[in-house]
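Q: Listed below are the residues making up each chain.
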Amino acid sequence: MKKNLKIIGKSHKKLDGKERVSGKAVYGHDIELPNMLHGAILRTKYPCANLISIDTSRAEALGGVECVITAKDIEVSNISFKRDHPVLKNGTVNCNRDEIAAVAAVTKEIANKAIRLIDVKYEVKEGVYDPIEALKEDAPRINEFGKGEEKFGNKNIAETFHYDHGDMEEQKAKSHVIVKKTYELPRVTHACMATSNITAEYSEFDGRLTLWSSTQVPFLYQRDIAHALKMDPSKIRIIQPIIGGGFGSKLDMHPFEPICALLSMKSKKPVQILFSREEEFVLSPTRQPMIITLTTGADEKGKFTFREVDIIKDNGAYTSWGATTPFVMMQTFSSLYQIPACSFDSKAVYTNNPFAGSFRGYGNPQATFALETNIDLMAEELGMSKAEIRLKNANFKGEVTGQGLHFKTCGAIPALEKVLEKSNYDQRATERKEGRYLRGVGLGSMLHVGGGAKIYRSDGCGTTLKLDDYGYLTIITGSNEIGQGSETVLAMIAMEELGIDEDKIKVINTDTDVKPWDVGVHASRTSFVAGNSLLGAIKLIKEKLSKKASELLEIESDSWTYDNGVMLANEQEIKIDKVAREIHFGSPHELCSVTYFYEPPSSFQDKEFKGDVSGNYAFASQAIEVEVDTVTGNIAVLGVHVSQDVGRVLNPVGLQGQMEGGVATGVGYALTEEMIYEEGILKNPSFHGYKILTTTDMPPVHFYPIETYDEAGPYGSKGAGEAPLIPTAAAIANAVSDAIGVRFNSLPITPEKILRALSEKKEKELVS
Amino acid sequence: MKIVFKINGKQVSMEVKPSLLLIDLIRDVLKLKGTKPGCLEGECGACSVIVDGEAINSCMYLAINVNGKEVSTIEGLTGTENPLHKVQDKMLEHGAVQCGFCTSGIVMTTKAYSDKCLEEGITPTREEVKKSLEGNLCRCTGYAKIIDAAEAVYKK
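Residue numbers (numbering that gives the first Met the number 0), protein chains in the order written: chain A, 0 to 767; chain B, 0 to 155.
Bound conformation, chain A alone (with noise of 0.2 Å):
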């Protein structure tokens, strides 16, 4: 599959970042329309509260302020998806986002001052902020949309997950050890650097809708639009100015985005709302906070035998994309590794605390910091060596899992050998840990979806193809760029098959009324879906140009080459602009334009969530070394090891830029970032009290691709983009247990926690 290319897999700079290095990008932030006004909405001062009244009237005898609504004002449907979350609060307010009333004004101050002028009474109640409190008989019903009752034997379960293969009792029968551990994975946040926003304005003439956006899943978001406001959803235009990140927190519509198109519905002019810092911290949604009792087991030879698999998820107080993580991790539970029998159990639990979404790695990282730690315990009871067990056990090519996931291509082994060589594994493993500083190095692997997911009932991509009279080529597609660098991939992609100039092709990406359908962002899909999507109308605008290159050179031939602008064939030449006008103004009269749609060739899985779900998958492993300062308690990133297969390198420069990103923000999630939440109320939204990596935090990161070339991917590519954060948590609390001597069941492993660990470890040690 291995075939020599021009443009692939060479560095390429990014399409648009000449725009976006010059300031001359326009984000949501950036945009002006005439007359627009400016929205801002009143959350509810309490987390749990009964809603007595609302008196607007102060807001709205405020010079400026054009309208205020509330939710007797409005008349939508309730969002979400499970449905359980009503655009504007009505009697109850069940968390510390709870929109009560929306004001549209002439400036940002007035909108925010009449905000601060609307009067709330309430009758506070005591909320629940503790899943397992929740789950108690006794403990009030949260959401009063939720079907928990009914459908789970519980009021406050908001979605449950079962999966199980093979037969666990021979497999328990078999086993030599049996870990079982729980463990707790904190509330983490996105932390886009451009907070969230939106504008909206709405056309009384013809009931058109226009939405500048930032959602990450545009025809997703199109029809969550128009359930939330009862409207045609062809009559919604959704364009994406340039995204200021994503990383999942675009995948869920939220209450601001309806109430932005109310605001402008009723005051018949475009409304702008943007967040401020302190709003994104608290409203943006949020990784799932859950606990994971994990058991496993190896037989004597540290072959693995089962895994039990139990969760509970902080679902907050309403039912996000977020609750649908199990899909995920039990594909890691039930298929990273070889592993026999496998039952998971996951319950998402209503709470007052602030419902989470989506996020890079979407379960993942929480699934596999479990998973890894209790890997390593087991060696350590088998008294193995920690890169044996994994070896031993590895994911290979052909592999058909007990969850049916068919590993076509593998690149599990590979990318765990390289790590253990770079890192030097075995020597650092073996050294003797003395003094002030003691080093320690840990493993981490992870199985991601690589070639999409399919969950809804397409996951596909479509894409239209112009060349036009003077052999410039606009790709118009139906993926998103949110940063990542599809387009650029795209461009390549084109340059490389129509050997067309980058300075002669467009991307155009921006606007549901233009583009053909998507799923969007998510499941580390674009260049695999849009890439293929891409190649098949690629093929097509080939079909046609040969045919009538063919026609005008009077030549017979089924294998054309195209390079620099021109077409060759039997050592005859033409150029490709001549053959496009050619096709325009020769009769029959055509446009040089396709439009191609790819569906990748998954399947879905059935009511047992068994099947190959994914056109491909993606194996990594990481080795991270760490040095513990054991008087403050610091925990320094030496370096980190990526080796990951992603099927075919596309552009090195994008891949290793996904690669250290992800690694930030895993190294993040293991050791700094916290949403500190008391009594459903956040205690640090800013970034002085939440702590993302800065220059001076990042380590080193190694980066070992591995080329499987799996035939389903563009070129043999695989997804890559969430892949370098899932096991970076993991490996990081191996290597701290490596250097100290001390687990830790939850992260972030803060230097407060390695203090206490370490003098709990020497009272211990002096009382034996």
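A partial selection of chain B residues facing chain A, derived with a Cβ cut-off under 8 Å:
id	residue
1	Lys32
2	Gly33
3	Leu83
4	Glu133
5	Gly141
DMTMM-like mimics (lysine to aspartate or glutamate), calculated; alpha carbons at most 25 Å apart, straight line:
id	chain 1	residue 1	chain 2	residue 2
6	B	Lys130	A	Asp696
7	B	Lys16	A	Glu31
8	A	Lys17	B	Glu92
9	A	Lys17	B	Asp27
10	A	Lys690	B	Asp147
11	B	Lys30	A	Glu31
12	B	Lys130	A	Glu626
13	A	Lys17	B	Glu74
14	A	Lys23	B	Asp147
15	A	Lys107	B	Asp23
FRET-style restraints, in silico, Cβ to Cβ:
id	chain 1	residue 1	chain 2	residue 2	range
16	A	Gly90	B	Gln10	56 to 62 Å
17	B	Lys85	A	Lys432	44 to 50 Å
18	A	Asn423	B	Leu61	53 to 59 Å
19	A	Lys23	B	Glu118	26 to 32 Å
By construction, these hints were calculated from the structure, which means they are not laboratory data.
No experiment lies behind these values; they were computed from the predicted model shown.
Using N, Cα and C, we set each Cβ at its ideal position, and we do this for glycine too.
Please arrange chain B on chain A, whose structure you already have, making use of the hints.
A: Below, chain B alone, put in the same frame as chain A:
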């Protein structure tokens, strides 16, 4: 209050409220939208601009304080001869830009620091380059490419 200052080489005089922040003057009054509002509390560096040679957070700086001073924003780096400044070229070349929201601030911070280094005739170490950018947050790149690009600016 009346203030007179230079912005991107051009002399400007205008009336401003004493409470007006420099970022609001730049974005809302002068409509120079390349300077980005990341946090408005001096934590993220996205709004960095150069005032008399120093990179500052324009969200923590009152507009009246630019009176008599020279302000450069990202728009001021785009020349007629070279469409991009060397700092911008290096950022692009090294793949330092993903979503790009932090980029203006990173470019301006690097520009100010590189001018200073040039003036003092020093080539900073990688650690010093990292330190110079510690106040600029980025969530996409993991910084490695940004530091590579900035280092390339300083290489003779």
